[in-house]
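> Sequence:
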Amino acid sequence: MEHKDIIYQTLSHLKFNNIITCSLTNKLFKEVCDLQYERLLDEDYGKTFLMKGSHKESYIMCHELTIFIQQIGFLGNLFNLFSLKKIVNNHAIKKIPKSICYLTNLSYLELEEGEIDKLSKSLCQLTNLKKLSLIFNKITKISKSICKLTNLHYLYLGDNEITKIPESISQLVNLRKLCLNDNKIPKIPKSISYLTNLKYLGLVSNKISKIPTSLFYLTNLRTLRLDKNQISEIPESISQLVNLQELALLDNPNIKIPESSIESLPKLRFFF
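Numbering-wise, our numbering puts 182 at position 182 of the sequence shown, and it's gapless, one number per residue.
In case anyone wonders, no lab produced these hints; they're calculated from the structure. Ideal placement from N, C-alpha and C gives every residue a C-beta, glycine not left out. Mixed in with the good hints, there may be bad ones.
Now the in silico label distances, taken between C-beta atoms and shown as ranges [stated by the list, open to error]: (1) Leu84 - Arg269: 15 to 25 Å; (2) Val173 - Glu246: 16 to 26 Å; (3) Asn128 - Thr223: 20 to 30 Å; (4) Glu233 - Leu84: 44 to 54 Å; (5) Ile257 - Lys184: 48 to 58 Å; (6) Ser143 - Arg269: 48 to 58 Å; (7) Ser145 - Arg269: 35 to 45 Å; (8) Glu259 - Thr163: 32 to 42 Å; (9) Cys101 - Phe270: 34 to 44 Å.
Could you build all of it, start to finish, from the sequences and the hints given here?
What follows is the structure, encoded as structure tokens:
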């Protein structure tokens with residue numbers, strides 16, 4: 001039996017916190033963890049080594065987070081990562097690991113300018129998250145799991161390849177700012193009317209052709225950016241946005257604007 005296998009058998013009986021301690025004090029553990037990770041991916045591994053699911057899950061999670069630490073350039077150790085409240089990264093991340101769900105103290109997550117094309121379902125477990133920014137990636141869909149982040153205040157998904165805003169966006173009741181600029185969105189869902197705390201809505205450079213009247217229920221809105229779309233008409237009910245200060249409608253070909261409704265907006269300062 002190799003020395004690595006002896007160490008593995010010892011570690012397999014430890015609790016997860018003790019495994020992490022070993023990873024911080026024994027350089028050999030990383031080599032063992034990498035070795036076991038390869039074995040864990042084998043479907044027959046559990047039967048072969050009689051390893052419990054919780055141990056298997058711990059090894060995989062630990063390995064994924066170790067790789068994630070390296071990718072984001074985090075200088076602390078695994079213990080520090082679990083207590084982390086803010087991650088800001090521009091290191092071209094390709095994938096959000098499932099194990100990110102263990103970072104439950106996160107309130108700010110920024111993974112910009114990467115290759116991310118899919119939102120991990122495990123993100124919905126980050127219930128303390130206040131700000132999520134994934135701009136300049138390759139995301140095509142806003143998953144329903146994201147819409148479970150009911151404490152989210154700021155959501156930035158601009159410069160992706162999103163083709164639809166889900167009706168479940170209505171669950172983000174505490175959202176203050178929603179930025180979806182430079183995507184491929186053709187329609188604003190009626191359910192957006194439930195985002196009553198929204199102050200900023202950015203949908204610049206999409207494929208929107210019609211504005212639902214339900215949008216004008218967002219009476220706390222301060223900024224509405226709809227420039228560079230395909231909108232042909234603005235409903236007169238836009239006058240309901242009594243707190244609107246900035247309205248952008250430029251580069252919508254042949255758009256019809258109800259001037260009297262725009263003029264009746266009491267706080268409007270910038271209109272272009």
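> Using the C-beta atoms of serine 145 and arginine 269, is the stated range 35 to 45 Å upheld?
38 Å, holds
> Could you tell me whether the CB distance from glutamate 233 to leucine 84 stays inside 44 to 54 Å?
48 Å, holds
> Can you tell me whether the CB distance of isoleucine 257 to lysine 184 sits inside 48 to 58 Å?
25 Å, violated
> Taking the Cβ atom of glutamate 259 and the Cβ atom of threonine 163, is their distance within the range 32 to 42 Å?
Taking Cβ atoms as reference, glutamate 259 and threonine 163 lie about 33 Å apart, which means the hint holds.
> Falls inside 48 to 58 Å, the C-beta gap from serine 143 to arginine 269?
36 Å, violated
> Given the range 15 to 25 Å, decide if the beta-carbon distance of leucine 84 to arginine 269 lies inside it.
39 Å, violated
> Range hint 34 to 44 Å: satisfied by the CB atoms of cysteine 101 and phenylalanine 270?
41 Å, holds
> Is the hinted range of 16 to 26 Å satisfied by the C-beta distance from valine 173 to glutamate 246?
23 Å, holds
> Between asparagine 128 and threonine 223, does the beta-carbon spacing fit 20 to 30 Å?
26 Å, holds
Of the numbered hints listed earlier, those contradicted by the structure are 1, 5 and 6.
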